[in-house]
Amino acid sequence: MMTYNDWIVLGGTSLIGANAGLIGTFAVLRRRALTGDALAHAALPGVCLAFLLVGARSLPFLLLGALATGVLGITIIAAVQHWTRIKADAAIGIVLSVFFGAGMVLSRLVQDRVSGGTAGLDSYILGKTAGMLREDLYLIGSIFVLCLCAVGLLYKEFKLHTFDHGFAQAQGWPVFRLDLLLMTLLALTVVVGLSTVGVVMIAALLIIPAATARFWTERLGVMLLLAIAVGEIMAVVGALISTRYAYMPAGPVIVLVGTFLFGLSSLFAPRRGLVARTLSERAFRQRLRLGTLTLEELEAENNR
Amino acid sequence: MASILDVHDVTVAYHHRPVLWDIDLTLTQPCVAGIVGPNGAGKSTLIKAILGLVPLASGQVQILGEPVSRQRRRIGYVPQRESVDWDFPVSVLDVVLMGTYGRLGWFRRPGSRERDQARRSLARVGLEGLEDRQIGHLSGGQQQRTFLARALVQEADIYFMDEPMAGVDAATEATIFSLLRELGEQGKTVLVVHHDLRTVTQYFDYLILLNTRLVAHGPTATTFTPAHLRTTYGGRLAVLDEAAEAVSAGERTP
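In order, the protein sequence lines correspond to chains B and L.
Sequential numbering from 193 applies to the first sequence in the numbering used here.
Sequential numbering from 14 applies to the second sequence in the numbering used here.
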């Protein structure tokens, strides 16, 4: 029997999953998925600082803290790349571990100073679905609506910018501001998902829906809708499993559910799946061997 | 009358290493111009500097009498094919439609008018029937022609093409060639980064020889000379032999 609280939790996690699918698709296509990961790790010290300052769990305030250090983290990544010769992956690695380390140290301080507050803090590392409030649901919902509106209005602009940055710039689009907007939406998406999925697992919630959706379609619009659906399904199923077994942390379970969907897709998707590709390769070799295929036929097929 | 392109004192540097040095280049007449020079001469960078895609260390650029930022709708651009991810989930028609985005402006989506335009443009480059194909399932030459079709729907007055003939099949090169001629006949200006000296005289009526500095520019007939090529390419003998062959071949054809 589902209680009122269970419905709140399911609604909230499904919105978090849907949002991660939507924004994660652009992040993955723009090769910014790991930036999302760094942002999540860099958000941890912010959460801890907010805990220390307020002394209790207040979601908007914690998210503000998370957003502050998260954005600071990705700004440092950009600065390191710009001012030194360190490449993106190394810069992301440095920022990710330093901020996460600082976050862990701060979380011990929180444990010492704030009595009884640590249970809430732990959920930011591995994720926890229980304890979501109706106000949290409203906050998560409004961020999803914001992301949906932005992508709905700027679909063509985001598509061009993500596909061909140089051409977009030559056509006069303010690519820097579009990038900033996408990063802002990514930051909001990550931060709002932190308490449910956890710092460590949030990158998977951004990447898995997009990567899974890509197997089933060659169209960006369809990919976005599929990624929203996959994000929602993995979040809801993961949350259901984790609330059923109290000792299961939500983040890892959600990620495992997503990995299962990804595995199914990578094997059985038409055309792009491993099975379909192996079969068509085998059929092709068979035709070559039997000599039923001429070069002209093959060229015509490729131009069809 | 304002000149078509006016590049004034342009210098571009990456980490204090100059890529373009003090370029002064003015085009007053419409022309189909080749930008030619050795590897690392800054050919692509010149196009990117003109379009504002790389920061200028100094200098300024004007197109048709105005700063580039105010002439975006009169500019067509064909970037290098390697600059995008061809596994991106878009169809051939989607990519060509991107050429209309500048005209459409914020928020407006391409409609049936734009789609007709895009289809016509695809037919012009010989890609009719491939509209719905995902772009990764095209050959290199077809991908290049997709980019050309996208530039065509921009309906620009001045086109910039970054190595459109690099690694393409003969059919694609022939298509590009006839397209360049068509655009030239319509009085458009086209600047093409090019690396094959043997085809320079055939393709271009204007030549820009570049090696970090601007070595020479002018009508191909008077600019494509052994002396200029030697200055552009330094002592690279193989290239010079090839060039000498090309020059003499150019002299033989009337």
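Please note that a few of the clues may not be correct.
Okay, the calculated bits of chain B under chain L, using three or more residues with CB under 8 Å as the criterion [said to hold, decoys possible]:
| # | stretch |
| --- | --- |
| 1 | 263-275 |
| 2 | 338-349 |
Derived DEER-like restraints, expressed as beta-carbon distance ranges [stated by the list, open to error]:
| # | chain 1 | residue 1 | chain 2 | residue 2 | range |
| --- | --- | --- | --- | --- | --- |
| 3 | L | 29 | B | 460 | 16 to 26 Å |
| 4 | L | 31 | B | 483 | 54 to 64 Å |
| 5 | B | 270 | L | 72 | 22 to 32 Å |
| 6 | B | 281 | L | 34 | 26 to 36 Å |
| 7 | L | 122 | B | 369 | 14 to 24 Å |
Hint data in this document are derived by calculation from the structure and do not stem from the laboratory.
Just so we're clear, the structure is a prediction, and the values are computed from it rather than from any experiment.
Where is the CB? At the ideal position from N, CA and C, for every residue including glycine.
Query - Hint numbers contradicted by this structure - result: Of the numbered hints given earlier, those the structure breaks are 1, 3, listed in rising order.
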